[in-house]
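The primary structure of each chain is shown beneath.
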Amino acid sequence: MSGPTSGSLDGGSLKALVDVDRGMVSREIFVSEAIYRQELERVFARAWLFLGHQSQIPRPGDYVVSSMGEESVIVCRDASGRIRVFLNSCRHRGMKVCRYDEGHTVEFQCPYHGWSYGTDGALVGVPFAKDAYGAQLDRARWGLIEVAQMKNYKGTIWATWDSSAPSFEEYLGGYKLYLDLLLDAWDGREGGTEVIGGTHKWLIPCNWKFPAENFSGDRYHGVSHRSVDMVGIGPSGKGRRDMGERNQARWLDVSFPDLGHSMIAFLRPHDAPLAPAYQDAPIVADYFRHCEEERKRRRGAEWRLFGGPGTMFPNTSPLARQPRTIAAWHPRGPHQTEAWRWYLVDADAPAEVKDFLRQYYIRYSGPSGLTEQDDMENWNYAHAASRGTIARQYPYNYEMGLGRATSAFEDHGLTLPGVINDVTEANASEHNQRGFYTRWRQLMEAESWGEIATP
Amino acid sequence: MSGPTSGSLDGGSLKALVDVDRGMVSREIFVSEAIYRQELERVFARAWLFLGHQSQIPRPGDYVVSSMGEESVIVCRDASGRIRVFLNSCRHRGMKVCRYDEGHTVEFQCPYHGWSYGTDGALVGVPFAKDAYGAQLDRARWGLIEVAQMKNYKGTIWATWDSSAPSFEEYLGGYKLYLDLLLDAWDGREGGTEVIGGTHKWLIPCNWKFPAENFSGDRYHGVSHRSVDMVGIGPSGKGRRDMGERNQARWLDVSFPDLGHSMIAFLRPHDAPLAPAYQDAPIVADYFRHCEEERKRRRGAEWRLFGGPGTMFPNTSPLARQPRTIAAWHPRGPHQTEAWRWYLVDADAPAEVKDFLRQYYIRYSGPSGLTEQDDMENWNYAHAASRGTIARQYPYNYEMGLGRATSAFEDHGLTLPGVINDVTEANASEHNQRGFYTRWRQLMEAESWGEIATP
Amino acid sequence: MSGPTSGSLDGGSLKALVDVDRGMVSREIFVSEAIYRQELERVFARAWLFLGHQSQIPRPGDYVVSSMGEESVIVCRDASGRIRVFLNSCRHRGMKVCRYDEGHTVEFQCPYHGWSYGTDGALVGVPFAKDAYGAQLDRARWGLIEVAQMKNYKGTIWATWDSSAPSFEEYLGGYKLYLDLLLDAWDGREGGTEVIGGTHKWLIPCNWKFPAENFSGDRYHGVSHRSVDMVGIGPSGKGRRDMGERNQARWLDVSFPDLGHSMIAFLRPHDAPLAPAYQDAPIVADYFRHCEEERKRRRGAEWRLFGGPGTMFPNTSPLARQPRTIAAWHPRGPHQTEAWRWYLVDADAPAEVKDFLRQYYIRYSGPSGLTEQDDMENWNYAHAASRGTIARQYPYNYEMGLGRATSAFEDHGLTLPGVINDVTEANASEHNQRGFYTRWRQLMEAESWGEIATP
Amino acid sequence: MSAESSPLDRLLLKEEIESFLYREADLLDERRYEEWLELFTEDAHYWMPLRRNVPRDEPEREFTRQGVDASWFDEGKDTLTRRVRQILTGIHWAEEPPSRICHIISNVQVMQARPAEVDVRSRFLVYRNRVETETDFLVGKREDVLRRVNGDWRIARRKIVLDQSVLLAKNLTMFF
Amino acid sequence: MSAESSPLDRLLLKEEIESFLYREADLLDERRYEEWLELFTEDAHYWMPLRRNVPRDEPEREFTRQGVDASWFDEGKDTLTRRVRQILTGIHWAEEPPSRICHIISNVQVMQARPAEVDVRSRFLVYRNRVETETDFLVGKREDVLRRVNGDWRIARRKIVLDQSVLLAKNLTMFF
Amino acid sequence: MSAESSPLDRLLLKEEIESFLYREADLLDERRYEEWLELFTEDAHYWMPLRRNVPRDEPEREFTRQGVDASWFDEGKDTLTRRVRQILTGIHWAEEPPSRICHIISNVQVMQARPAEVDVRSRFLVYRNRVETETDFLVGKREDVLRRVNGDWRIARRKIVLDQSVLLAKNLTMFF
Ligand code: FES
Ligand code: FES
Ligand code: FES
Ligand SMILES: [Fe+3]
Ligand SMILES: [Fe+3]
Ligand SMILES: [Fe+3]
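Protein chains in written order, with numbering that gives the first Met the number 0: chain A, 0 to 454; chain B, 0 to 454; chain C, 0 to 454; chain D, 0 to 175; chain E, 0 to 175; chain F, 0 to 175.
Check each hint, because a few of them may be wrong.
What the hints assert, rightly or not - Below 16 Å or equal to it, Euclidean Cα-Cα: the simulated EDC-like pairs (lysine to aspartate or glutamate) are:
#1 A:K353 / F:D68
#2 C:K175 / C:E189
#3 B:K153 / B:E189
#4 B:K129 / C:E189
#5 C:K237 / E:E37
#6 A:K295 / A:E189
Worth flagging that the hints you see were computed from the coordinates, not collected in a lab.
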C-alpha cells in the first residue's frame, strides 16, 4: 500500500545512488517509482515551496490556486488581509473546493454537499448543521487544511507543510543575497517587483529534477541553444541576451550544499564601466542605465554582483537577470513535470520598459520560447533514454570542476557567501548540481527535520 | 508479483483506515493501488454481483455480455432455457470468446484457434481433436469457466465466483423488502418489471465506491443538484421529481451493516391520501394512481413504504422510485469506474407510460442526465483531490447522525427490517454509508466467507 | 525500488507457473508487472537479440537505430568498416544521442551539452574539455555503452549485453540448419540475402510472448485466417500461400527446448517432383524453379527440407518461405509489444521477382497485411481477457501433442537436428511452444549464465 | 436535389447551409446558448441513439430505436432549453468553470432539397478541455433536417451518430 | 487549373470534387464497401509509404520509395477488392464486430485540372473506435488523381501520407 | 459583408480565402517556411493569449490581455522570421528530426469584407507526431484579418484561441 512510509530507502542505498564526492549520480533517482514516492513525502511535504506573488492577490478575498508537490492549494487573502494557504480539498469527502484558477470571494463553497469555508479556512457553513449533526461535528477541527508555515518574502509567497521545518529565513540562509538579485528593484531598493499577468503552465515529459538541476547552474549546455544564438533574440538584437556585462565579469558558480540552493552569478570588475545593453530599445537602455547607477549608489561594492539562473531547493528557479523570471517545477509522477512560469518587472518601471521586457521574456522562455523549447526537448529524451534496464546501471557524470570551490571567496575586499567555484577560466562546472544533490540526499535520508542539523 | 494474495492488508491496518464507530474513513481506501487489488480479490471475486435482466435474453440461445469486477462475462440462456454465466475468456489461450454485446447463437466459437463452446459452456468443438489431441485433452475439464452460483431474482440476474458464498437469499437477507420496491410491479404484484432496450455505459474518473456510497443513502448533496432543481425536469414539470409524497412521509435511512446493503426509504402516514404526481401527463398520473390503489389493496400497511436510491453491497444501486433504474459500478482500476445503467418499467404498462418514463429517466440519469452530470463532476474531483501525499493523511468525515439509529423501527404497528435512522427532522445522515463500510471492512479482513458469521 | 533485482521470483514459484511437462502455463507470466520486470533483466539483458541486416548500413559511417528490450541502440559501421552496437544514451546526462532512424555520420554529437562520440563509441569531443574538466574526466571510461558481444551472421546482426552469454554459435546451436533456410540464397548458396528498404514498425496491445509463441509453431490457428484463405492473396492467386509443396511434404514441428528455438518445417518426399508455385507470375515461377534445381544440386538430400515460421529465443521470428520475413517483438511493458518487420529477398534476384515478392509480403504481413491483421486482433483480446482476477487463476492449455516428439528423427537416411514432432497426421501440436517456455523458465530461474549448462 | 435546380443554385444553397452550421458552432463555442436555441424550430427533435457491438450481418441491432429504447439524447426544444438554462445558472458544476469546447465541423453535404426543407449531413469532432488537463474527443456524424422559417434556416431534426459504444467521457454536457 | 477556366468554373469543379470525396467517406463509414470500390478506376493505384525520422536536410530519405521499398499499402484494384471481400466474409476478426469509423475530410484543394483528370489534395482524420474502449486516431494527407469516366469521377491514383512513423495502431483494417 | 455584394461574389471571395488558408497549411506541413512567411504583411501581428479557468460570469478574466499580460505568442513578422530561421539551422533540436505535422483547417467563415481587408474565422486541429510515439493534439480557433496586397492576400492579423489552459504539450514549435 503506497502509504506514508512505503518503499522508504535507507541511507545506505541512497549513498550508493548519490555519490557527490566522486561526482556520480545514479539514473535510478530520476526514474524509480519508489524514489519518487519518497520524494513526495520527504522533500515536497517538508520543504519550503514557492506559490506565487502577492501582486496576484492584492485585495482581501482575492485568491489564486497554486500547487505544492502534486497537490492543489488555495492561496488567498483573508478578510484581515493576511495571506493564507490551504489544501484545495474539502474535509467532508475531499472535493476540490475551488476549481477556478483565480478570483475574488467571501467563502469557498464545496459543490458536492455545500460545506463552506471562509477565506481564513474556517468551516463556516454546514447544511442542516443543527438538525443533521447537532454536536457531532466539531467545526473547529474540520476547517480547510492549512500549511504549517507561510512566508511573504518581498512579495513572493512560500509555504511548507512541516511545522518542524526551519523558518523561511533559516531555510533561505545565505542565499538571501542571491535571491534578492531577482526580487529587489533594479535600482537597488528592497522589493518593488511585481509579476506580469498570466502564468505559463505546461507539461514536460521528464522528472522534475532535470529542470531543477539545469537551472541550478548549467552553464555547459550552450550546444542546446546554439540555434537561437545564431538567429538572435536578445535585447540588443543578437544572441539570447546581452553578453557585454558578462564578458567583462568573473563567472561564479555559487552553491549552498547544506541548503541545496545555488545560482549562476557574475562579479563585475571593481573598476570597469557599464557595458552597453538593451541596444534595441533606447528607452529601456536608459531606464536600466539609470537603475544601475542608482543601485551602485545604494549598494556600493555589492553592486558589482549580478545574477543568472539558479534553483532554490527543491523546485523553485529564480532567473535574476535576462530574462527575469521565476519558475516552479511541480512533480507529476516520476516521468512528468508541470512547469509554471512567472515574469517579473520593477513595479514602477515605465510602460515601454514593461512592454519591451514582456515581449523579450516570452520569446525566450517557456514552451513558445525560442531558447527553452530546446531545453524541453533535451530533458524529455534524456529522461526517456535513462529508463531502461541497461541504462539504469550507468550513473550520470557530475565530475566537472570537482574540488575547485572555496568557502571564502573574496575579490578586492568584497566577500560573498556560499561555496563558490570561479569558472571564469573553466567556463563551466557542475559545482551547483553537486550541491543540489547533497541536500537532496540529506532530506531523503532523514526521518525528520530534527535529524538535520541546521547550518 | 500481483498474484492472488499480493499486498493483502491485515485487519489491524484496515481497522485503522475504516473506523466506522467514530465516523472516520481514510482516503487511502479510495486511492491506494494495493487496497484496490485486494478489493478485486476479496470483494468482487466473492460477492453477489448484478449482471442484467432476464428480459434482455428471452429465448434459448440469446446472450448478453456483462461485467463482474474488471472481467467480461457471457450471460446466456442455454438450450434448456436455463440462464448461465461464463467468464468471457477461452480456456486455450484466453481469447475473448465473444466480442459482441448481445445476440443469439448456438455456440461461441473462439476466433483464435476455433475451440467452440455450447451455450451451456461445454467445450463442444476442438479442431483436429482426434488427430492433434487424442486422449490428451479432457474436454470435460476445459469448458468455459462458470460462476459458482447464479440467481434469477424476479427477473434480475446475479452471480458470484465463490462457491462458499452464502446463498443469494442469505446474502440479500432483510433487504429483500426494499429491493422488491424496485422489482415488483407498481401495483404490488410480485415481479412484473422489464428493462427498456439499451444500457447506458460510460467511464467515470473516480473510485467505484464514490457512486456506491452516494447511492447508498446520500440525502445530503442537494447543493450538487440545485441547478436542475431550479430549471425543473420532474414528472410534474418542477424540480427533479415529485416531492409531494416525500414531503408528507417519514424519511428513513435503512441500513443492514452486517450485509452492507442500504436504501433511502419513505413511510407514508397511515392515514394520508395520495399526493399528486406526474402532473405533466394525465395518462401517466392515472396509471400510477390506479397502481397505488391496487398496491394498497394487495399489500396493506406495507403499502405505506416506498423507496429511493440504495446500494446492494458492493456495487449495485437500485433506484426504486423516480427515476426507476438499476446501476452497476464496475471497478476499472482504483481511479476509474465504468458505470452501467438499466431502466425499468412495469412490463404491462401502457405504451404512453413507458414512453413518458423513458424520456424522464434519460433526462435525469447518466452522463446526459441533467441531474447526474453534476454527480460525476463531484466524484471526479473529490477523488482527484484525495490522492495527494497530504490529503491522504486526513480521513473523510462520516459523523452525521452517529448513534441515532434503531434496530426496532415501528410506526403505527408497522415494523420494518434493518437498522433504521429516522431523518425526517435531521434531513440527512451518513448512517447508510457507515453500514456500507462496516461490511466492506468485514470482507476485506476475512480470509474466506467461512470467517464471516452470517447474520 | 525497481532496481536490478527487484521482485525476482525464485525457481519454485516459476515452476508452479510454467509446468511444461503437463502442458500448463499460468496466465500470470503474460500479465504480471513483476514477471515482466524480471524478463527485462533475465531474458532481454542476457539473450542474443536481432538488430537488423548489414545491407541497411553498407558503408563506414552508415548507421541505423534499433531496439534491444525496451532500449534504443545505435547500429553503425565504424571507420574501419566494423559493425558496432551502442546504447543510444549519452554518458553525461543520458540524452538520446541519435534521434534519427538511419543516416550517415562521422560522429554522434549529443544535443544537450555537446559531448560527441565516434562511430566506434569513443568519447571524442567534450566542450571545454581542458578548462572545465582537466584531468577529472577519464574519457576512456565514458564512451558510449557497447554491447558485450556482437555477431554478423550471414548478414543479420545480433548482439547481447551479457559478456558471460554463450557465443552466438553456441546460442544458435543446431538451429543453424533452420535459420539458414531463411538466410541462404534460394539456390542454396550461403548467405546472399538482403532486406527490402523500409522496416514495418507498429504497436500491438499484448504481451511480447503472444507473437513469439505464435510464430514459434502455431499451425493450429487456421480459424484466424480462414477469411483470407477464402479471398486468396497467395502467389498463385489462391489461399495465403502455395500449398502444393506443403501438401506433399511431411510436417515437422522442430524444437530445441534447451535453446528455446523452434520452427515449423517441412520435408519433401525423397522421390517427388517439384510442386507448382508462383503461378500468378511466370517469371517468378521460373526463377524459383531454377533456384530449387540449383539448391538440389548443391545441398543434396538436405534440399528436401524447407521452412515456415519459427522463433529464435526470445523474440526473433524468421519466416523462411512464404512470405520470407524476419520479425522482432520488442517488449514495451507487460501489456504492449512493438513489432518490427524486415522483408528478405535474394540479393541478386531479378527486379521483377523482387517486385512481385515485395507486393506479396506486404499484402500478407504486418498491420496492413490481410493475414496478420487477424493475428493482432486475437493477441490483443487474448491478452486483455487474461488479466482479470478470475482469469489469472486458470492456466493456458499446451497439451497438444505431448510426448510424441523424437530426438532422433530420420527419413530415408536423412537425419535432422532438434527434438521433432511429426504432425503430418496430427496437423498441429504445441511441441514448439513447450520448448519455448522450457527455455524461458530456465533463464528466468538462473541467477546468471553460469548456472545454465550449455547443451 | 430537386432535378431542375442548376449546379450554381445548388452551390449557393450549400454555401448557405455551411455558413449556418459554422455560425451554429460559433454560438456554441462562444457559449451564446440562448442564441443557439433560436436556431431550432419549436417542434425540433434532437436525438442521439446508443450503439452496440453486434455481428456485421445484424446491423439492425446496432442502434437503439427511436421512441422505444434508451438513448443518449431524445429531446424536444423544451428539454434543450432546460439544459441551456441549467448551464446559465452558474451552479451547474459539471460546466463550472466553463469547458473549452471546439466544434470541428466537416463533410457538409446537402442530400436533398424540398421546397422548404433540406436534408443535410455533416461530421463533427467535438473537443472538450476543462479545468487543468481534462480532455475528451467526441467524433461522429449528424443528419439534420433544416427548415426555412420566414427567410431563416432552422434545425427541425438532428440525429447524432456518436462513434462510440461505451461513452469515453464522464458526461455529455456539451451540445452536438 | 487550366488558364482559361473562369473562377466560377473552378468553383463548380471544386464543389463536384468535394461532394465526391464526402460521398466516398459516407460509403466507407456506412460500410458500403462494394459501392466504394466502384469509385476506383480499373487501373487505380493506392499507395501509403512508410516514414522515417531523418535529418531536415535529407528529405529524400524520409519516405520509402514507390515500387522499390516496403510501404503500408501498395495496391491495385484487385487487392483492394480482396480486402473488401475479406471484410464481408463476416469472419475477418479484426473487423468483427465492425469498427465505428469516421473520416473527417478537410482542406480539399483542386491543384490542377487536365481535360479528363484533376489532381486533388485533401486531409483526413480517421477516427476508429471498436469493441469497448479501443480508439485510434490516424491523421494525414491524401494526393489523388481523379479521372472522369463517362460522366463520373473515379479515383485513378491515391497517395496517402500518414503522419506517423511507428504506426500507433495494431492494424490498418480501415481505408483512407 | 458589404451590403451590395451578391451571393455569388461572396461565394467566390470565400473560395479565394479558403484556398489561401489551405495553401498556407500545405506550406507549413511541407516545411516550406520561407514561403509561408511571405504570406504575412510587414506589419503582421500574431497573437495567442493564455486562458484561465474563471467563473462563467467573469468572462473578461478568461483571456490574458493583448499588450499587457503574458501570452503564448505575441509576435511581429520579425520574430516569426527568427523562428523560421531557427528551424532552418538544422540544429533547433526541438524540431530535429522534423515533426510530422498536419493542419486540419475547418469552419472557414468570411465575417466581414472591407475594400482591402476581410475578417476571417477558421478552426484548427494541429496534429503533431515526432520521433517514435510522441503525439500532440492542439485544437482551437483562429481570427484573421487578411489584406489584399497588390493582388494577393496577406495575413495582417492572426489571433489564435487554443482550447487549453495548461498547455498539454512540452513546447510550441509549430505554427498555427
Ligand atoms: S465533499 Fe465537500 S461538502 Fe461533501
Ligand atoms: S485461444 Fe481460443 S482456441 Fe486458442
Ligand atoms: S547529456 Fe549528452 S552531453 Fe550532456
Ligand atoms: Fe537552457
Ligand atoms: Fe446525486
Ligand atoms: Fe497467423
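We went through each hint and held it up to the structure:
1. At roughly 10 Å between alpha-carbon atoms, K353 of chain A and D68 of chain F fall within 16 Å of each other, so this suggested pair holds.
2. Restraint check for K175 of chain C and E189 of chain C: the C-alpha separation of about 12 Å stays at or below 16 Å, so the hint holds.
3. Between K153 of chain B and E189 of chain B the alpha-carbon distance is near 8 Å, which keeps this suggested pair within the 16 Å criterion.
4. Simply put, K129 of chain B and E189 of chain C have alpha-carbon atoms about 41 Å apart, too far for the 16 Å limit, and the pair is violated.
5. Among the hinted pairs, K237 of chain C with E37 of chain E is inconsistent with the structure: their alpha-carbon atoms are about 23 Å apart, more than 16 Å.
6. A hinted pair counts as satisfied when its Cα atoms are at most 16 Å apart, and K295 of chain A with E189 of chain A qualifies at roughly 14 Å.
Violated hints, in rising order: 4, 5; the structure is consistent with all others.
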